[in-house]
Amino acid sequence: MADGVIPVGRVLRASNRGFVVGCRVMQPDIPAFGSFVRAEGRAPETTIYGLIYDVVVQDDLFVRRFIIADPPEEVVRDQRENRQVPIEVSVLTVGYRESDHIFHAIPPQPPVTMDTLYQCSPEEVMAFTQRFDYFRLVLSRPEVPADDLLAASLQVAAVARPAQEREDFLVEAGRELARLLAGDLLRLDGLLKRLRSVDR
Amino acid sequence: MTLELNRLTRAVQEMGQTLAHQQKDFNQWVERARAWLAEFADRGPTLREAAPEVGAAIPTDEPLDAVIPLPPLPERFTVIGADGTQIGPDRHGAALYYLINVGSLVYRHGSGQTPEARSLPDLRYREEDLYEGKLLVQGNLLDVRRDRAEIEHLADRVEAESPGQTPLPNPTLALVDGTLLLWVLENLSAEVKERNVRGYLRQLDRIRRKGAAVAAFTSRPRYTEVGRLLHLARFGEDRTRAEAEPNPLERVPDQAIFSFLPPGARSALFTSPRAINRTYYQAGGQEIRFFYINVAREGEEPVIARVEVPAWVAGDPGETPLLALAHGGVVAQSRIAGGFPYVLARADELAYISGPERERLEEMVETALLAAGLRPALSPKAYYKSLTRQGRRW
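Protein chains in written order, with the numbering used here: chain C, 1 to 200; chain W, 1 to 394.
Read the hints as simulated data drawn from the structure, not as lab findings.
Covered by chain C, according to a simulated footprint, are these stretches of chain W (three or more residues, beta-carbon under 8 Å):
#1 100-112
#2 325-338
#3 345-352
Computed spacing ranges between beta-carbons, pair by pair:
#4 C:R17 with W:L3: 38 to 44 Å
#5 C:R42 with W:Y125: 31 to 37 Å
#6 W:L3 with C:I67: 31 to 37 Å
#7 C:E143 with W:R297: 42 to 48 Å
#8 C:R77 with W:G199: 32 to 38 Å
#9 W:Q13 with C:R42: 52 to 58 Å
#10 C:L186 with W:N6: 58 to 64 Å
#11 C:R17 with W:Y125: 43 to 49 Å
#12 W:P262 with C:I67: 23 to 29 Å
#13 W:K381 with C:Q130: 53 to 59 Å
Owing to the predicted nature of the structure, the values given are computational and were not obtained by experimental measurement.
Using N, Cα and C, we set each Cβ at its ideal position, and we do this for glycine too.
The whole structure should be built from the sequences, with the hints applied where relevant.
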């Protein structure tokens with residue numbers, strides 16, 4: 001475990017715009033939708049940042065045997081708490097860091113296969129979300145549930161901040177969204193409603 | 001693709017037809033064997049002496065055709081399963097070593113608690129670990145090391161259930177996959193045999209001292225020892241005549257004969273005729289007995305397994321007799337997932353070493369050698385395999 005943060009898994013396949021990570025984890029530790037994660041870039045002192053936008057629990061033949069069998073409580077607990085379930089986590093790239101400078105843009109190179117993916121610490125999340133330029137990268141990607149992903153990521157970013165700063169942070173984020181989605185008021189309305197439901 | 005499946009089409013068709021034809025003969029012999037089982041049911045005592053001479057199951061005091069129904073079990077009891085896998089020494093690899101990984105599950109029936117899962121790897125690379133005399137620990141010798149690691153782990157888990165001298169909180173059954181008899185050692189020197197079997201028996205003794213039962217479970221067994229006993233019985237325990245006549249039951253596994261057992265019931269107890277059983281196990285007071293058992297649920301097709309137990313489990317007269325615990329515990333466990341004890345399925349999963357994990361371990365070894373100033377190198381053969389088997393390694 002590097003720097004005390006939780007490794008999510010290892011990169012299975014990657015492109016500049018995103019990557020998929022394979023991991024075997026216990027169920028309570030399944031990575032959350034909208035979490036900020038990071039992987040090392042190929043060049044020295046570069047880090048690639050991403051948002052988890054899909055978590056797929058792979059089929060498990062052993063579990064299938066119990067689906068219709070009404071298993072005893074001990075088996076249910078064993079399957080849930082002890083067994084490592086194979087999981088694929090899809091990550092959307094939203095930026096990268098070179099030395100101390102953070103860019104909200106697609107990185108020049110993708111991470112390497114077998115690289116370890118880490119969950120970002122609250123400090124890293126705060127540093128990355130000082131600006132909102134990554135919204136554009138998320139909103140422009142048709143293959144991801146962009147609105148839900150943005151709302152979830154803003155919730156993570158708000159919680160990473162001290163309680164008294166959360167409201168201002170979310171209001172700022174809402175303003176940026178209003179600017180970006182000025183031509184699509186219906187979508188903007190839906191997104192802002194999601195933001196209002198964020199726990200402050 | 002190097003296996004040209006299209007060239008096998010006809011052979012596979014012929015195989016299907018031949019096997020269907022053989023099945024008819026097979027069923028007839030199964031019926032006859034069952035008739036003999038009933039006919040010679042009470043001849044056990046007279047067959048005992050000759051049986052081991054012809055590799056036949058040795059009868060106990062129970063009639064040969066006994067059917068013992070599923071015994072009642074206490075509300076709470078514990079079953080602990082252990083299983084192991086190994087990576088053998090590879091002379092083509094970067095260094096000579098072997099690894100044994102033992103997995104185990106402690107399952108407390110009736111508790112509603114999460115079972116305890118464990119996985120314990122053990123890496124051996126020193127000269128004294130890699131050789132027994134002049135023999136490199138591989139093949140059968142490594143299998144025996146794995147068996148010993150499994151039983152030692154089981155004894156540890158049983159003792160952990162109640163530390164010190166305190167009695168076990170619940171009746172406890174320790175379960176291994178396969179056999180309790182280290183018969184693979186039979187072709188090795190007496191010294192190697194003795195050292196390994198004694199080590200194994202010491203672990204069985206630890207389990208015995210805690211008051212737990214121990215058993216080995218074989219799924220779809222291919223033994224024909226009871227068939228040999230019936231053949232011997234047909235010739236009035238005349239060993240010479242029985243040996244002179246071909247035994248038609250030699251290709252009929254005992255499990256087919258016992259598929260008449262009702263769900264949950266077990267067969268009579270027999271004693272294993274293996275030479276190693278008499279020489280070492282019997283002398284150590286741990287002679288191995290076995291029975292067949294139908295672990296299927298009510299109303300389902302029979303699933304016959306073989307269960308081995310030491311004599312002290314088979315003859316235990318306690319309050320929850322250990323034999324009844326082994327019998328009922330195996331059935332309760334096998335009915336969870338269907339046909340195989342749940343603890344053993346999970347122990348196997350916990351012990352399993354995947355292809356990528358093997359590669360990763362080899363990489364770790366190479367890195368450690370480099371860090372220590374050594375220059376590891378694969379053999380030319382291993383190197384070329386790594387090139388040609390890309391994409392079809394597992």
